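> So the chains spell out like this:
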Amino acid sequence: MSDTTNTDDVEPVTTTIRTFAVRRDDDDLDVFADMIVGLLDHDRALVDLSRHDQRADIIELRVAQPGRRSKR
Amino acid sequence: MRNAVFLVKNGIGFGHIRRALLIAEAVQDAGRLRPILISQAGSLALYHNTPVRVVNFPLLHRVPSAIAEDLYTDLLNRLLDRLDPAAVIEDTYPDARYRRLPALADRPRLLVMRRLDGLSFDQIRQRGDFAYYDQILIAQDRDAFLQEGHSGESLAAVESSGRFTFVGNIAFAPTAADVAAARTAYVPDGAPLVVVNGGAGGDQMPDGYGDRLFAACQTIAARLAEEGHPARFVLVTGPYYAGRQLHETANVTVRRYEPHLPALLAAADVAVIKPGNNALSEALTGTGQLVLVPDVSFMEGLDEHAHRIAAQFGGAVGTPDRNSLEPLIRDALTRKPRTARLAPSATALDTVAHAIHRHAQSTPEAKVRPKLLLLVLIAPHSIQPDKLRAQLPDSLQSAVVLDSRQEDGGVVGLASLTRIMRGSPMAALVDCDPREVSPQQLVDRGVRLLIETTPSPVVERWLRRQPPTSALLTTSAEPIKAVPSCPDAFQRRTTRLLRSGAAVVVLLDLGDLPQPAVADYLSTIGEWAARQPLHLAGVDAILAEQADRLLTGRLG
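Listed in order, the protein sequences are those of chains A and B.
So the first sequence is numbered by this note's numbering: it starts at 1 and just counts up by one.
So the second sequence is numbered by this note's numbering: it starts at 73 and just counts up by one.
None of these hints come from the bench; they were simulated from the model.
It is possible that part of the hints are untrue.
Unchecked claim - Just a few of them, taken from the derived set where beta-carbon distance is under 8 angstroms, the chain A residues facing chain B: (1) 35; (2) 36; (3) 60.
Claimed, not checked - Chain A side only, calculated, beta carbon under 10 angstroms to chain B, not exhaustive: (4) 14; (5) 16; (6) 18; (7) 26; (8) 40; (9) 44; (10) 48; (11) 51; (12) 56; (13) 57.
Please read these numbers as outputs of a predicted model, since none were measured by experiment.
C-beta: ideal position from N, C-alpha, C; glycine also.
Bound conformation, chain A alone (with noise of 0.2 angstroms):
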């Protein structure tokens, strides 16, 4: 008998190119708009932006690692 129910790996493995701080005026946001829109040139992109620390105060940009996708 074995427990499965968290040790499936269903999530695409992604990595932090950068990270993005809410509350601090020197972080331009045009540069990180820029920059994702930079990634989504590559076929396939995968970018995530939905990790942040427990209040929000940091975004992370992080993207797929290109290995663990490909086309059914």
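Given chain A, work out where chain B should sit, using these hints.
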């Protein structure tokens, strides 16, 4: 290549994202637009294998601070501004957040809708949320939509506004090879296969639906194993499942996420499912017996839907507990394969992709629509309506002659309705007490629009007390008596009416004209109308105007 942006979010399930991905992949395959999916989702599992570009945000209404929510919204706007989408496609729930984004203003916008219960559809319609879309594509066929219990106003809006299109169900259809592979993977020995799935595993209410469903099925599987029953259970919990830990046993396999779930559901001998659109569609492509376990649903009316499906395709409806499910699963395991199947629409994806491409095409210039005039002529006694219609000058070919034989878009007087049985009039003029017939009888004859010259409490009560299945929309008409040698009276009145309204119905009574004067009179007003910035509209255009008002929150 221009971008087509899909805006989609999922709180507890995967349905919206799966549908959006199917459409986006069809658009990508067509090679004319670059689809980009912008989602709000807690899991990226569905994006493992898609070739479509994805930007995933958190569920914006759930981020822990208003400042972060504002920042994410600002970022979304800047992103959309840079992507400059040629078309924007949303799924099912019109979202006020998107509506307020400056970057989306004045873009071609489409809404793809899955089934909604009647009350929810009414609420969205009455809030005016549908009015922001150029086209609304309903992922159902018309007959299925009519079974949902929608209000007469909603049916009228869908039928006549010109904004809605039925495209048929959109769901992934596994191939026979996929289904065979799923059986080989899970029951290589050919044992009966029971697949249990509650969608992506999230709960609409804090009632532990998933926990109760899977715990019950695990217990039932254990009891069958004790009896030596060969059935094998596969529990696909979904990544949002947060119930008790489940344990694999000799006859139980547990998966948080199964990328081949459509094939697995189609391969099942018994599918125990929450009857959301995807799981149900996929199970219906197969021949397994259905045990439908509706959960509290958001705008879907799953309980009623489950009973309708069970009656139509066979199957049973239960609750997520052992006492309910054990006899249903045992019974289902004794039954032969289900014969009533439902394949997803073969044309739905193409229809949606075509609509996206059509709206994404840039038009050389936007055109302001001219004012609309529905001119209904009442023939003089000396001329039969059909004869008058045949004599209309070219400039008045779009005018309608009351009680004339007209295949499409005719207008009949209620007083003549029982006498004139030919044709299918689209509108009826209230020219007598309406209570001789019921509103439903009019609708059954094809009438969709009532034309009144004065608002009548009798008509209002008549409509309210016997509401037909599809609402009869009403419009007012200006009665004008044609005066011999004085066509300018008609011209002045019509001009005044059109000054304050975009669409006007005029009831022009030619009864006082001597027969020889009719042709000249009509030629004069026809030539005048041709010189004006107006369009002689048919009944369908006025009906569409009225139906569109049902989408803007001004009526209904």
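> Tell me, which hint numbers fail for this structure?
Of the numbered hints given earlier, those the structure breaks are 1, 3, 5, 6 and 7, listed in rising order.
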